[in-house]
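Visitor: Same order as they appear, the protein sequences are chains A and B. Read in order, the letters of the first sequence correspond to residues 13 to 61 in the numbering used here. Read in order, the letters of the second sequence correspond to residues 8 to 239 in the numbering used here.
Simulated from the structure, these hints should not be mistaken for lab results. Yeah, the Cβ is synthetic: ideal placement off N, Cα and C, and Gly gets one too. Incorrect hints may have been included.
Beta-carbon label-pair distances, calculated as ranges [what the hints assert, rightly or not]: (1) B:K236 / A:E15: 23 to 31 Å; (2) A:N45 / B:V31: 36 to 44 Å; (3) B:A137 / A:E15: 28 to 36 Å; (4) A:N21 / B:A144: 28 to 36 Å; (5) A:S19 / B:A130: 22 to 30 Å; (6) A:N45 / B:W115: 35 to 43 Å; (7) B:F207 / A:E16: 47 to 55 Å; (8) A:N21 / B:V157: 33 to 41 Å; (9) A:K53 / B:G45: 51 to 59 Å; (10) A:L31 / B:L154: 38 to 46 Å; (11) B:F207 / A:V37: 18 to 26 Å.
Result set (DSBU-like, lysine-lysine): computed pairs, CA atoms no more than 30 Å apart in a straight line [said to hold, decoys possible]: (12) B:K81 / B:K33; (13) B:K51 / B:K236; (14) B:K51 / B:K231; (15) A:K53 / B:K51; (16) B:K233 / B:K112; (17) B:K81 / A:K53; (18) B:K76 / A:K56; (19) B:K226 / B:K80; (20) B:K80 / B:K33; (21) B:K226 / B:K112; (22) B:K33 / B:K112; (23) B:K33 / A:K53; (24) A:K56 / B:K236; (25) B:K150 / B:K51; (26) B:K51 / A:K49; (27) A:K20 / B:K80; (28) A:K56 / B:K226; (29) B:K81 / B:K226; (30) A:K49 / B:K226; (31) B:K112 / A:K56; (32) A:K56 / B:K33; (33) A:K53 / B:K226; (34) B:K33 / B:K11; (35) A:K53 / B:K236; (36) B:K11 / B:K150; (37) B:K233 / B:K81; (38) B:K112 / A:K53; (39) B:K233 / B:K150; (40) B:K150 / B:K81.
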Amino acid sequence: MLEEFLSKNAIYIVMIIVLIVWAGVFGFLLVLNNRIKNIEKEIKGDTGK
Amino acid sequence: MIWKIVLFLLIAFVSIAGITFPIVAKPEHWYEFPLIMGLGENAKIIFFHVPTAWLTVIAFFMSTVYSIKYLRKKDLVDDIKAHTSAQLGMVFCILATITGAVWAKFAWGSYWSWDPRQTSIFALLLIYGALFALRSAVEVEEKRAALSAVYSIIAFITVPFFIFIMPRIMRGLHPGSADDTNAGTVVNFQMNGNMLLIFFLSLIGFTILYYWMWYVGYKSMLYKEKLNKQYH
Numbered sequence: 013m014l015e016e017f018l019s020k021n022a023i024y025i026v027m028i029i030v031l032i033v034w035a036g037v038f039g040f041l042l043v044l045n046n047r048i049k050n051i052e053k054e055i056k057g058d059t060g061k
Numbered sequence: 008m009i010w011k012i013v014l015f016l017l018i019a020f021v022s023i024a025g026i027t028f029p030i031v032a033k034p035e036h037w038y039e040f041p042l043i044m045g046l047g048e049n050a051k052i053i054f055f056h057v058p059t060a061w062l063t064v065i066a067f068f069m070s071t072v073y074s075i076k077y078l079r080k081k082d083l084v085d086d087i088k089a090h091t092s093a094q095l096g097m098v099f100c101i102l103a104t105i106t107g108a109v110w111a112k113f114a115w116g117s118y119w120s121w122d123p124r125q126t127s128i129f130a131l132l133l134i135y136g137a138l139f140a141l142r143s144a145v146e147v148e149e150k151r152a153a154l155s156a157v158y159s160i161i162a163f164i165t166v167p168f169f170i171f172i173m174p175r176i177m178r179g180l181h182p183g184s185a186d187d188t189n190a191g192t193v194v195n196f197q198m199n200g201n202m203l204l205i206f207f208l209s210l211i212g213f214t215i216l217y218y219w220m221w222y223v224g225y226k227s228m229l230y231k232e233k234l235n236k237q238y239h
């Protein structure tokens, strides 16, 4: 049954995998972006003292 | 934050549309793509392969712009910006090569056949690979920045030739080659309005993604350098 589902809907499985990869890349970039913002704040705080 | 949500939705939509919209001989609905002679179902690769090749050019161009800026102002931040862009250019160049090879397996029957387009991208990978070898070989920051800036400018001169000129004036298997009688070049593809729209949305989405990756990349490298200097 699963085999039949996979063979008939292969393109949708490809799409789901691509979307998961994209969500992963996007989330990773978001986390990096926030970390950089925090470091930026810390550095500015240090120089302001 | 809004532009990040827009970017997420844009690339998600392009992925869904690019993968699942059917290719039919005579499109009657807005979600149907036309059948392009010589490409068939494989035409769907253009939503992912062409943007990676496009970003290769954009990234190497940006690297050259910041290299020129570095040589004029001698500001190491410009060197970091140029280096980050070159790194991204390399990543997208590798992605374009891999997606192209996978497409070639289904369209031509083998992953690699030294088609002019494949040969030119291979040459480009070697040229820019040498830039990173050069950077890792020089330890003095200013010297490394100056040498890689000059190399980056010279390397970029070859980019239009390898990407736009050589594969079009030579006979080959890739769409848009000199003897191509089927699909033609990407801009001349027999795409209908919707396919063209998704193609351009894909280009826009990937270009914004590049800009974000470049911003995050150069900022992280910049702060890493700053903190290294502060604590050593």
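Visitor: Each hint should be assessed against the structure and marked as holding or not.
Guide: Going down the list of hints, with the structure as the test:
1. Restraint check, K236 of chain B to E15 of chain A: a C-beta distance of roughly 59 Å breaks the suggested window 23 to 31 Å.
2. Hint check: N45 of chain A to V31 of chain B, Cβ distance near 41 Å, so the stated range 36 to 44 Å holds.
3. Separation of A137 of chain B from E15 of chain A is about 48 Å and departs from the stated range, judged on CB atoms against 28 to 36 Å.
4. Distance hint check: the CB atoms of N21 of chain A and A144 of chain B are about 51 Å apart, inconsistent with the given range 28 to 36 Å.
5. Between S19 of chain A and A130 of chain B, the C-beta spacing of about 41 Å breaks the proposed range 22 to 30 Å.
6. A C-beta distance of roughly 40 Å is found between N45 of chain A and W115 of chain B, which places it inside the suggested range of 35 to 43 Å.
7. A hinted range of 47 to 55 Å is violated for the C-beta pair F207 of chain B and E16 of chain A, which are about 38 Å apart.
8. For N21 of chain A paired with V157 of chain B, a C-beta distance near 53 Å fails the hint of 33 to 41 Å.
9. Taking the beta carbon of each, K53 of chain A and G45 of chain B are about 55 Å apart, inside 51 to 59 Å as hinted.
10. As the Cβ distance of L31 of chain A to L154 of chain B is approximately 43 Å, the hint placing it in 38 to 46 Å holds.
11. With their beta carbons about 21 Å apart, F207 of chain B and V37 of chain A fall inside the hinted range of 18 to 26 Å.
12. For a cut-off of 30 Å, the pair hint linking K81 of chain B to K33 of chain B is broken: about 58 Å separates their Cα positions.
13. The straight-line distance between the Cα atoms of K51 of chain B and K236 of chain B is roughly 48 Å, outside the 30 Å bound, and the hint therefore fails.
14. For a cut-off of 30 Å, the pair hint linking K51 of chain B to K231 of chain B is broken: about 40 Å separates their Cα positions.
15. In summary, the hint linking K53 of chain A to K51 of chain B is not supported, as the alpha carbons are separated by about 44 Å, beyond the 30 Å threshold.
16. Taking the CA atoms of K233 of chain B and K112 of chain B, the gap is about 46 Å. The hint is violated against a cut of 30 Å.
17. Our distance criterion of 30 Å between C-alpha atoms is met by K81 of chain B and K53 of chain A, whose separation comes to about 27 Å.
18. Of the supplied pair hints, the one linking K76 of chain B and K56 of chain A holds, its CA atoms being roughly 26 Å apart against a limit of 30 Å.
19. Under the criterion of a C-alpha separation no larger than 30 Å, the hint pairing K226 of chain B with K80 of chain B is consistent with the structure, at around 19 Å.
20. Taking the CA atoms of K80 of chain B and K33 of chain B, the gap is about 57 Å. The hint is violated against a cut of 30 Å.
21. Our distance criterion of 30 Å between C-alpha atoms is broken by K226 of chain B and K112 of chain B, whose separation comes to about 39 Å.
22. Note on K33 of chain B and K112 of chain B: the hinted pairing holds, with a Cα-Cα distance of about 27 Å set against a maximum of 30 Å.
23. Proposed proximity of K33 of chain B and K53 of chain A is contradicted: the alpha carbons are some 57 Å apart, above 30 Å.
24. Taking the CA atoms of K56 of chain A and K236 of chain B, the gap is near 16 Å; set against the 30 Å cutoff, the hint holds.
25. Of the pairs offered as hints, the one joining K150 of chain B and K51 of chain B is violated, with about 45 Å between alpha carbons and a cut-off of 30 Å exceeded.
26. For the hint pairing K51 of chain B with K49 of chain A, the CA-to-CA distance comes to about 38 Å; that exceeds 30 Å, so the pair is violated.
27. For a cut-off of 30 Å, the pair hint linking K20 of chain A to K80 of chain B is broken: about 60 Å separates their Cα positions.
28. Of the supplied pair hints, the one linking K56 of chain A and K226 of chain B holds, its CA atoms being roughly 14 Å apart against a limit of 30 Å.
29. With a C-alpha separation of about 18 Å, the suggested pairing of K81 of chain B with K226 of chain B holds against the 30 Å cut-off.
30. Simply put, K49 of chain A and K226 of chain B have alpha-carbon atoms about 9 Å apart, close enough for the 30 Å limit, and the pair holds.
31. Pair hint K112 of chain B plus K56 of chain A does not hold up; C-alpha atoms about 52 Å apart against a cutoff of 30 Å.
32. Restraint check for K56 of chain A and K33 of chain B: not satisfied, since their Cα atoms lie roughly 60 Å apart, outside the 30 Å limit.
33. With a C-alpha separation of about 13 Å, the suggested pair K53 of chain A and K226 of chain B falls inside the 30 Å cut-off, and the hint holds.
34. For the proposed pair K33 of chain B and K11 of chain B, the alpha carbon gap of about 36 Å is over 30 Å, so the pair is violated.
35. At roughly 18 Å between alpha-carbon atoms, K53 of chain A and K236 of chain B fall within 30 Å of each other, so this suggested pair holds.
36. At most 30 Å may separate the alpha-carbon atoms for a hinted pair to count; K11 of chain B and K150 of chain B exceed this at roughly 37 Å.
37. Of the pairs offered as hints, the one joining K233 of chain B and K81 of chain B holds, with about 17 Å between alpha carbons and a cut-off of 30 Å not exceeded.
38. Of the supplied pair hints, the one linking K112 of chain B and K53 of chain A is violated, its CA atoms being roughly 49 Å apart against a limit of 30 Å.
39. Between K233 of chain B and K150 of chain B, the direct Cα distance comes to roughly 18 Å. Compliance with the 30 Å bound is thereby established for this hinted pair.
40. Restraint check: the Cα-Cα separation between K150 of chain B and K81 of chain B comes to about 11 Å, which is no more than 30 Å; the hinted pair holds.
Going down the numbered hints, you'll see the structure goes against 1, 3, 4, 5, 7, 8, 12, 13, 14, 15, 16, 20, 21, 23, 25, 26, 27, 31, 32, 34, 36, 38, while the others check out.
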